[in-house]
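All chains should be built: construct the whole structure from the sequences, respecting the hints.
The chain contents come next:
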Amino acid sequence: MKRAFVLGLVLVAGLLYFAIPRAGSATSAPPSAASAAALERSEALATAVTSNRFSAGTAVPAATARAFADGLADDIPLPQGGTFDGIQWEAAGGEFSAAETRSVLQYNAMCQWVRAYRDGRETDVSGQILAAIPSWSSWRDSETAAVLSRAIGELVGGGGDSSAALLTQCDASHEREVRYAEAQGLDSSR
Amino acid sequence: MALVAALAGLVLPAGAAAQVPSDLTDWNLTETTSTWGSTYHVSSSGGGPVQYRWLDTPAKATVVSGNSCSDLSLFGSPATIAINDTTYKLLFTGYTDLCFRLRGRTTSGSGSMVNHDGRVSR
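Line by line, the protein sequences give chains A and B. According to numbering that gives the first Met the number 0, the first sequence holds residues 0 to 189 in order. According to numbering that gives the first Met the number 0, the second sequence holds residues 0 to 121 in order.
It should be emphasised that the hints constitute simulated quantities derived from the structure, not laboratory data. Even glycine gets a Cβ: it sits at the ideal position worked out from N, Cα and C. Treat the hints loosely; a few may be bogus.
[Claimed, not checked] Using C-beta positions, here's what the derived DEER-type ranges look like:
| id | chain 1 | residue 1 | chain 2 | residue 2 | range |
| --- | --- | --- | --- | --- | --- |
| 1 | A | S31 | B | L89 | 46 to 52 Å |
| 2 | A | T167 | B | A58 | 21 to 27 Å |
| 3 | B | S76 | A | P60 | 21 to 27 Å |
| 4 | B | Y94 | A | A36 | 31 to 37 Å |
| 5 | A | D73 | B | D84 | 42 to 48 Å |
| 6 | A | G156 | B | S109 | 47 to 53 Å |
| 7 | A | R189 | B | T106 | 36 to 42 Å |
[What the hints assert, rightly or not] To give a feel for the contact side, a few chain B residues facing chain A, derived at Cβ under 10 Å:
| id | residue |
| --- | --- |
| 8 | T29 |
| 9 | T31 |
| 10 | G36 |
| 11 | S37 |
| 12 | Y39 |
| 13 | H40 |
| 14 | S44 |
| 15 | S64 |
| 16 | C68 |
| 17 | S69 |
| 18 | N83 |
| 19 | D84 |
| 20 | Y87 |
| 21 | R102 |
| 22 | R104 |
Shown next as structure tokens:
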């Protein structure tokens, strides 16, 4: 009788162990390989040397800026389905330095992550990436970092005027990018 | 107190916003469009017009524009600024926190203009 009671206790304890969710494990699945890679790139940008002086370095003409940007884009995380194809290098014309090109790519990627978070996509990492964005290398310690920090803080906290303005800006940019990419015969971002 | 408020009302229109000026020191322009080395945001106090002027009297006619930080699209219309013109030119009107870049060049055939200072009001 006593042995049956002990066995019963062990059985109940075992069932509870597997039935009760534990923080950090049963409540959240591990990120996918793609999401983990995006998070890794985001963390690398947050610790990379700042590059917010556009005038430094050699500039490339607008006609080759897209190919130049493609060569720099591997370091910058995008949500699944994201592209940089809607950036208007050709229409803007002129020339672009490497620092400016990275800045355009990072700001564009920031907008794609902000929209992904708002839309409930890639929830396994989007919050962590948003938290790192104000530290990304193109604007760390600048006015842009302060504006993004405020807006993202509001977005994660439930919304406010700054987060609404950022979403308006990113949605408007996305609409333009879709039109531009399609006109160029390229893939628009999600 | 009421008198002060009434007088202030005569001077400042309701909802008047303070523009935030930022200076650009030693901007070098050529006939090829390039970008100033910082991004800017429309201020919360001045949300509305974004204007640009040269502080040093420009020796060349120049073209200055405001472009999107995200996709480089043009905001508003480029301002053509004549030789010797140091008055503000409206670039575009935007909402609070909108991020923009300043791009500029000298007019075709006029050569380069180096180390000139400007001011953006936003």
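Hints, verified against the model:
Separated by about 48 Å at the C-beta atoms, S31(A) and L89(B) satisfy the suggested range of 46 to 52 Å. Distance hint for T167(A) and A58(B): a CB-CB separation of about 40 Å, inconsistent with the stated range 21 to 27 Å. Under the hint 21 to 27 Å, the C-beta atoms of S76(B) and P60(A), about 23 Å apart, fit the expected range. Judged by the Cβ atoms, the range 31 to 37 Å given for Y94(B) and A36(A) holds: they are separated by roughly 35 Å.
Between D73(A) and D84(B) the C-beta distance comes to about 44 Å, which sits within the given range of 42 to 48 Å. Between G156(A) and S109(B) the C-beta distance comes to about 51 Å, which sits within the given range of 47 to 53 Å. Between R189(A) and T106(B) the Cβ separation comes to about 41 Å, which falls inside the hinted range of 36 to 42 Å. Because the smallest distance between the Cβ of T29(B) and any Cβ of chain A comes to about 9 Å, under 10 Å, the interface hint for this residue holds.
With a least beta-carbon distance of about 5 Å to chain A, the hint placing T31(B) at the interface is held under the 10 Å criterion. Contact between G36(B) and chain A, as hinted, is supported at the beta carbon level, the nearest pair being about 4 Å apart and thus within 10 Å. Given the 10 Å rule on beta carbons, the hint for S37(B) holds: about 7 Å separates it from the nearest Cβ of chain A. For Y39(B), the shortest C-beta to C-beta distance to chain A is roughly 7 Å, which falls under 10 Å, so the interface hint holds.
At its closest, the beta carbon of H40(B) sits 5 Å from a beta carbon of chain A; the interface hint therefore holds under the 10 Å criterion. With a cut of 10 Å, the hint placing S44(B) at the interface with chain A is violated, because the nearest CB-to-CB distance is about 13 Å. Proximity of S64(B) to chain A holds as hinted, the smallest CB-CB distance being about 9 Å (cut-off 10 Å). Taken as an interface hint, C68(B) checks out: its beta carbon lies about 5 Å from the nearest beta carbon of chain A, inside 10 Å.
Residue-level restraint check for S69(B) holds (minimum Cβ-Cβ distance to chain A is 4 Å; threshold 10 Å). The interface hint given for N83(B) is violated, since its Cβ lies 25 Å from the closest Cβ of chain A, which is over the 10 Å cut-off. A distance limit of 10 Å between C-beta atoms decides the matter here; for D84(B) the minimum to chain A is near 22 Å, and the interface restraint is violated. Contact between Y87(B) and chain A, as hinted, is not supported at the beta carbon level, the nearest pair being about 21 Å apart and thus beyond 10 Å.
For the restraint placing R102(B) at the interface with chain A, the shortest Cβ-Cβ distance is roughly 7 Å, inside the 10 Å limit, so the hint holds. Taking 10 Å as the C-beta cut-off, the interface hint given for R104(B) holds, the closest approach to chain A being about 7 Å.
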